[in-house]
Amino acid sequence: TQRTSSSRFACCRSPVSYSMRVLACVRFAAHKGFGQVRLASTSSQKKYVDLREDRAIYTTDPINYDEPKFDKILIANRGEIACRVIKTARAMGIKTVAVHSDVDSNSLHVRLADEAVCVGPAPTNQSYLRVDKILQAVKDTGAQAVHPGYGFLSENTHFAADLEKIGVKFVGPNSKAILDMGDKINSKKIAAAAKINMIPGFDGEIADEDMCVKVANDIGYPVMIKASAGGGGKGMRIAWNDKEAREGYSLSKQEAASSFGDDRMLVEKFIDNPRHIEMQVLCDKHGNSLWLNERECSIQRRNQKVIEEAPSSFVTPEMRRAMGEQSVQLARAVGYDSAGTVEFLVDGKRNFYFLEMNTRLQVEHPITESITGIDIVQQMLRVSYGHKLNISQKEVPLQGWAFESRVYAEDPYKGFGLPSVGRLSKYVEPNHITGVRCDSGIREGSEISIYYDPLICKLVTHGKDRATALARMRDALDGYVIRGVTHNIPLLRDICQEQRFNEGRITTKYLPEVYPEGFQGATLTQEEEETVLSMAAALNARKIARSKQFKNQSRQQSTYVDPYKMTFKFVTEIPVEDRESKKVAVAVSFHNGDEKEARVTINGKTVSISGDMNLAQPIIDLKANGKEVTTQIVSKKAGEITVVYKGTNFKVKVLPEHAVDYVKHMKPKPKLDLSSVVLSPMPGAIKSVAVKVGDMVSEGQQLIVIEAMKMQNGLHAAKTGKVKNVTVKEGQTVDEGELLVELE
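Throughout, our numbering is defined as the position within the sequence shown, counted from one, plus 16.
In short, the hints are calculated from the structure, not lab data. Since the structure is predicted, the reported quantities are computational estimates derived from the model, not experimental observations. Don't take each hint at face value.
Claimed, not checked - Simulated pairs of lysine to aspartate or glutamate, EDC-like, Cα-Cα distance not exceeding 20 Å:
| hint | residue 1 | residue 2 |
| --- | --- | --- |
| 1 | K211 | E359 |
| 2 | K612 | E596 |
| 3 | K685 | E596 |
| 4 | K211 | E334 |
| 5 | K559 | D578 |
| 6 | K430 | D234 |
| 7 | K88 | E131 |
| 8 | K430 | E752 |
| 9 | K111 | E131 |
| 10 | K598 | E673 |
| 11 | K559 | E673 |
| 12 | K708 | E746 |
| 13 | K525 | E514 |
| 14 | K667 | E545 |
| 15 | K703 | D689 |
| 16 | K703 | E752 |
Unchecked claim - Per label pair, the in silico range of CB-to-CB distance:
| hint | residue 1 | residue 2 | range |
| --- | --- | --- | --- |
| 17 | T450 | N289 | 30 to 38 Å |
| 18 | K643 | V147 | 55 to 63 Å |
| 19 | N122 | N447 | 21 to 29 Å |
| 20 | E746 | S329 | 46 to 54 Å |
| 21 | R562 | P528 | 42 to 50 Å |
| 22 | S329 | Q409 | 37 to 45 Å |
| 23 | D363 | E673 | 57 to 65 Å |
| 24 | K525 | D156 | 30 to 38 Å |
| 25 | E746 | T541 | 35 to 43 Å |
| 26 | Q409 | T541 | 42 to 50 Å |
| 27 | T749 | D156 | 39 to 47 Å |
Just so you know, even glycine gets a beta-carbon here, dropped at the ideal spot from N, CA and C.
Working from the sequences, and respecting the hints, build out all of it.
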């Protein structure tokens with residue numbers, strides 16, 4: 017192996033196969049941070065491999081290695097966004113410094129960086145939000161610039177200004193632009209002066225709950241209560257009446273103080289049933305500015321995005337141009353000089369209204385990179401150094417379609433997603449699928465804790481059109497293996513096959529309208545239910561047959577019966593909570609004794625299940641009557657197997673016929689009276705306790721506020737009664753299902 021003086025190429029020659037040289041060279045160059053590899057065979061064949069695509073960075077803009085650049089940057093963030101910035105910096109030949117809390121010391125972003133500095137304990141206000149410690153890390157490592165990612169200090173004007181004072185570049189907009197746009201109250205004044213379409217609202221800060229109620233009544237319900245310095249769905253509540261306005265103001269103010277250190281609040285008219293569409297802008301320090309097409313972000317829960325796509329199926333070319341021009345107009349009005357996002361609410365008549373401007377790299381930026389071929393992080397680093405944008409507006413393409421699914425460690429069956437914690441005991445990303453990009457900051461063995469956002473991965477798919485990109489997303493979600501924590505893939509997968517979503521008929525009310533009773537898992541047709549039962553029965557028969565084999569042993573063949581020539585008879589069912597489930601008799605045999613060809617008789621039909629039924633593999637690709645099905649085995653127990661079908665886990669009871677009669681003698685577990693207790697819906701920390709033993713409470717009264725992953729949730733009494741027991745106090749951490757308050 018040799019490294020040239022330009023540090024651009026890695027060359028590998030050895031007396032092994034060409035494919036092995038390819039593999040060795042790519043691995044070496046990826047480890048060393050090269051951007052490009054030249055592969056040469058003994059026959060003088062030459063091949064150039066761009067490692068940026070291997071690093072999941074979508075760009076058609078080649079890196080100019082002769083262009084001046086930073087030698088070293090510090091990333092003031094963690095998780096997937098820190099990894100994302102490191103990958104582009106490596107490709108550009110820039111060294112990186114990671115900062116981390118003590119619990120993140122073995123995290124992926126720390127391992128990827130060239131250097132790492134611990135900045136404090138787990139709580140964000142003692143580590144990632146400590147400006148003084150991060151500034152010290154900058155000085156100690158000699159970093160020339162700081163990329164803040166998103167969240168944390170990315171929109172902190174004081175941090176940006178402090179960096180400027182010590183001669184270190186902030187990879188983002190100037191502090192004045194952050195101040196102007198980061199303050200929601202001030203940003204609306206600037207946007208109005210720049211003649212941007214505006215939402216009706218109160219032009220000023222809301223001082224207290226009483227003022228919030230008064231302003232809300234003046235504007236007219238519903239209203240949006242949100243933090244002036246907020247973003248990412250935090251510090252935001254919708255109120256439909258005075259009671260919700262008071263409670264929403266209180267909770268949002270606390271969230272804002274915890275997440276942003278700024279609890280100023282504002283109130284504006286809530287546009288019912290809109291679309292949320294945003295425009296990516298990119299500006300430099302020389303007066304040049306671009307808009308990079310729109311992103312549709314309407315699928316949301318608790319004002320946080322779930323699935324995004326680019327472009328939007330609702331936006332016409334004329335509307336796209338108008339939104340883009342207004343976005344650039346606003347950026348110029350504040351002297352913007354980096355990547356940013358202008359967000360709009362859009363009504364059914366395609367009228368769009370300014371919502372806010374995010375003065376940072378947006379979470380969902382990968383889908384814009386996918387359809388434009390522009391590496392936004394690379395451009396941010398170039399612009400921060402002082403270079404001009406190297407592309408004009410007419411050169412910005414719109415190539416194909418892209419989707420992003422935010423894969424969270426959340427339970428989608430609880431309010432579309434309450435946080436889950438735990439260790440990833442098994443983790444396999446679907447990178448084997450064409451057009452898939454996984455932006456993650458974790459790996460197998462990583463810990464999802466209560467201290468940080470529960471994002472596991474931003475799963476991105478790209479295709480020539482919407483249908484292709486969406487089909488790839490369905491395949492990617494089916495092939496994504498996550499064990500150890502509860503995750504929201506069942507919800508994401510169900511959305512991807514839902515009719516309204518496939519037709520593009522979406523608004524910010526999509527989730528409550530499509531799932532009025534909350535998400536209950538995939539709903540199966542009779543044919544799909546028979547497919548699930550047949551797969552489970554075939555896999556269970558394969559397990560039993562394998563256990564009956566005697567390999568590597570000398571036994572008399574006359575006493576041996578080939579289990580793959582036997583017929584296995586089961587009674588199957590998919591248990592359903594609160595009602596009796598249907599029991600279905602099935603018979604499984606293996607065609608000509610072939611372990612890869614099962615024939616399942618069910619409801620008078622024969623279902624063919626074929627494929628490699630390797631019970632040890634995390635992903636199993638099968639065919640059910642010729643139709644391709646990707647499944648996973650989550651668990652195998654005696655008489656029970658849990659399989660994944662279309663993203664949802666189905667626990668299937670597969671009992672031998674003779675065992676069924678014994679089941680009726682097993683008593684079910686008694687159910688807890690949940691009306692008399694308040695249980696923790698998720699792991700978290702108790703922020704406040706509003707009652708004590710002996711207090712009388714009314715139905716719906718807020719008793720506890722719990723915080724997890726920087727989000728606060730109020731817990732309420734299910735009935736009127738007297739408090740019998742309070743088991744927690746403020747600041748205490750609790751687990752999911754833990755008893756908090758008990759009523760008499």
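Status of each hint after checking the structure:
1. K211 x E359: holds (15 Å)
2. K612 x E596: Answer violated: K612 to E596 is near 34 Å, above 20 Å.
3. K685 x E596: Status holds; Cα separation ~15 Å.
4. K211 x E334: holds (18 Å)
5. K559 x D578: Answer holds: K559 to D578 is near 14 Å, not above 20 Å.
6. K430 x D234: Violated, because 35 Å separates the two Cα atoms, which is more than 20 Å.
7. K88 x E131: holds (10 Å)
8. K430 x E752: At roughly 12 Å apart (the allowed maximum being 20 Å), E752 and K430 satisfy the hint.
9. K111 x E131: holds (8 Å)
10. K598 x E673: holds (15 Å)
11. K559 x E673: OK: K559 and E673 at ~17 Å, within 20 Å.
12. K708 x E746: holds (12 Å)
13. K525 x E514: holds (15 Å)
14. K667 x E545: With Cα atoms ~12 Å apart, K667 and E545 stay inside 20 Å; holds.
15. K703 x D689: violated (26 Å)
16. K703 x E752: holds (16 Å)
17. T450 x N289: 30 to 38 Å: holds (36 Å)
18. K643 x V147: 55 to 63 Å: At roughly 56 Å between Cβ atoms, V147 and K643 fall inside 55 to 63 Å, so the hint holds.
19. N122 x N447: 21 to 29 Å: With Cβ atoms ~22 Å apart, the hint holds.
20. E746 x S329: 46 to 54 Å: At roughly 47 Å between Cβ atoms, S329 and E746 fall inside 46 to 54 Å, so the hint holds.
21. R562 x P528: 42 to 50 Å: holds (46 Å)
22. S329 x Q409: 37 to 45 Å: violated (23 Å)
23. D363 x E673: 57 to 65 Å: For E673 against D363, whose Cβ atoms are near 60 Å apart, the range 57 to 65 Å holds.
24. K525 x D156: 30 to 38 Å: violated (50 Å)
25. E746 x T541: 35 to 43 Å: Hint violated: Cβ distance 50 Å, outside 35 to 43 Å.
26. Q409 x T541: 42 to 50 Å: Holds: the Cβ-Cβ distance is about 48 Å, inside 42 to 50 Å.
27. T749 x D156: 39 to 47 Å: violated (32 Å)
In the structure shown, a violation is registered for the earlier hints numbered 2, 6, 15, 22, 24, 25, 27, in ascending order.
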